[in-house]
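Asker: The residues making up each chain are set out below.
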Amino acid sequence: MKISKAELRSAKIQGLMLIGVLLGAIGLAVVSLCVRELFFEKYVREKFPEITEKVTRRAQFLVETNPANNPNPVESTEEEWLYAAWIQDEQLDPQGSLAQQLFELAPEHMLDRCCRTLVVGNIEQRQRALQLLSFAPPQDHVDEIRRLATYAREKSSRREEAALVTAADGLLARLPQGKNP
Amino acid sequence: MIGWLASLLTAQGIDARQFFALTKAFLLSDLRGMHYTKATGTKPSHVVSPLFWVVGQCLTLSAIASLVLFMRVEVFFFSFVNLSLAVVVIATTVLVEFQEVVLNPKDLMILGPRPISPRTYTAARFANLLLYVAMMFLALTIQPAIVGIGLRDTGPWFAPAYLLASFTGCSVMVCVVILGLSALGNSETLEGWKTVLAWTQIILILVAGYGAQMMFRDKQSQLEVWGAFPPEWIEYLPTTWLARFVEQASITPSFSTLTIGGLMLLFTAVCLAVTVRCVAFLYKSMQPLTVQIRHRPMKPGTLGGLAFGAGHPLARGPEQRVGFWLCGKLLWRDGNLRMRSLLPFSMPLAAVGLAIATGQFANPMTNHDPAQVTLPILAVYLIALSVPHLIYNLTFNDDHDAAWLLRCAPLRQPIGLGLGVAKAVMFWIITPTCVAFAGVALWQWGDPAAALLHASLAWLLSWVMALAALWLAVPDLPFSRAPDRGGSTGPVLVTAALSGLAMQWGALHYFFAASIFFWIVSFVVALLLMIPLLKKADHRFRKLAGGMA
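Those sequence lines, one after another, are chains E and A.
Position one of the first sequence corresponds to residue 1 (the working numbering), numbered consecutively onward.
Position one of the second sequence corresponds to residue 182 (the working numbering), numbered consecutively onward.
Hints are supplied without guarantee of correctness; some may be wrong.
[Stated by the list, open to error] Taking lysine-lysine and the DSSO-like style, the derived pairs with C-alpha atoms no more than 30 Å apart in a straight line are:
(1) Lys-47(E) - Lys-400(A)
(2) Lys-205(A) - Lys-510(A)
(3) Lys-42(E) - Lys-400(A)
(4) Lys-400(A) - Lys-155(E)
(5) Lys-155(E) - Lys-42(E)
(6) Lys-205(A) - Lys-12(E)
(7) Lys-400(A) - Lys-724(A)
(8) Lys-54(E) - Lys-400(A)
No wet-lab data here; the hints were simulated from the structure.
Can you make the complete structure from the sequences, with help from the hints?
Answerer: Below is the structure:
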């Protein structure tokens, strides 16, 4: 069957072409849904630099050494590396000694980093960020901590991440004059 | 189906045969709408109509916005961005195609002598408007409505909630535009704006494309954080209210949320009823609108000269002055020409913006980290590489019929026309761009010498590229040809050759920027290149003007 140019330009064929394009768009959207885990969710996480052996040893040293007697305390140049190590290693610093040192050194920067991880991180990273946030001294930054914990709770609640909701509730309950939402 | 519809129309006092014929004619008029021919690079006579490309652009825009944000942001920000895009784009499409879609005064001249009742005409016009708006609405809504279902923080109610919010936003916006334009009537200024607004989709696609690149490269994740903790002023935007509704309704909507949804539908129905009533009244009492033509003859004192003092020293000789004046005048007057010509400048702008936003705008004279200096070096050469494209595009112009004046004029030095155009480009576009680049570099680097050297090199290379374009790229005398499909891309081989040359120069820039000899050699080579390029361009223009075989 031969279709002339005039027929192709007719309202009927042009209308059919437009419907075809719209159907193609629906197909693309459905395919995107089907490959959600494979192509989208897989890459949703905060990217950290690779942790070297030297950083791991340094972090471990800071965890095990009493800050009062430490001749070589945390320096500002180490914040980023130590934060990355803390978020990525779930076994590091269960008592929060290193976390407290980091918050003492640069509280605003640490809160900002936690905020970023809570926004763009995957579930494991967000869990660690919330844990790190729980070691922040609440007396100086109570509003900011409450804001971040509330955000983390709402986000986790919508995503049905029960462990994170519980952690956020616990943190909010411990805050001075805090209200459990 | 058709028979049932015909019976219904006849019962309403509408002539079914006339209705179908008119609707088909209006639909064809939509498909071949003239306002989008430049922005889509197509003509009404082509098989793939301008409207088809417009729908394609809307789908591309919504696909980029949906897929880039998918899984990276929460449901509120996802909905906010997509709803805002939909509302803005649908407003511009209705505004641009208002005459084809809503109200065309020329209808009266064509249909006036025919026995068509106002009721039939009104019904056909509304059917056409409904089809057009429905098509744009679907193109802008369908992808985010489906993709959003896959967000982790939404539920099964996302799709209906998003469709309702988008329907409300788009319908109200269409009503506002139609009522506003109906009250305003036709105007010369509005026609000029329509041409510029026809580029909205292209500009938004560029913004979305570059924005996505910036988002992926931004280590600070500023956009995602901004979306998670938006500023307070955002709460005053109507699309924020709609996005908040989607956020609340997408997971098991409460009774109050459902009530809000019902109120939204009611509000939309009221807006539509008011608009239909007003426009139906207009259709019934439509009179031809007149366009005021303004005559602006050149003042006697400016005849044969340029309108500002620095013009004469810049453009020597009558040919250069003609080229200089025509270039400035047409760029100022013709929105299409301006958009087509200035589009390549988005590349250096994007490179500088991206570099600053991602903290990769280091001084190449002191820093040798390729990640830090690639983008600033690239920006220098992208400024220069935009010039051949610009000069090439200045051959094409809507008022090309008047080019016979140039062809008949006694041109002693035809190259003067091209040089005048090139000088106008350097004066009005490149010089401010380079000054702005120097300012940004000074702000970022704190090194006046480095900023000045980079801006000067960009300026000098732009002039070299302008001469090269006059020799190799321009197909005819300036402003003498009609804009053609795909014409804005320019000669591919010339662009590739000049890009290759510029990139090699850029590689040397990276390796030797710290050495003063690089700068001396660069400036000397650029100056020496001008001599043969000027001769070649002169020869080329004599051929174009018909002076030499």
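Asker: Take the hints in turn and mark each one as holding or not.
Answerer: Verification of the hints:
no.: 1; hint: Lys-47(E) - Lys-400(A); verdict: holds (8 Å)
no.: 2; hint: Lys-205(A) - Lys-510(A); verdict: violated (41 Å)
no.: 3; hint: Lys-42(E) - Lys-400(A); verdict: holds (18 Å)
no.: 4; hint: Lys-400(A) - Lys-155(E); verdict: holds (22 Å)
no.: 5; hint: Lys-155(E) - Lys-42(E); verdict: holds (19 Å)
no.: 6; hint: Lys-205(A) - Lys-12(E); verdict: holds (9 Å)
no.: 7; hint: Lys-400(A) - Lys-724(A); verdict: violated (54 Å)
no.: 8; hint: Lys-54(E) - Lys-400(A); verdict: holds (23 Å)
The structure is inconsistent with the numbered hints 2, 7, although it conforms to all the rest.
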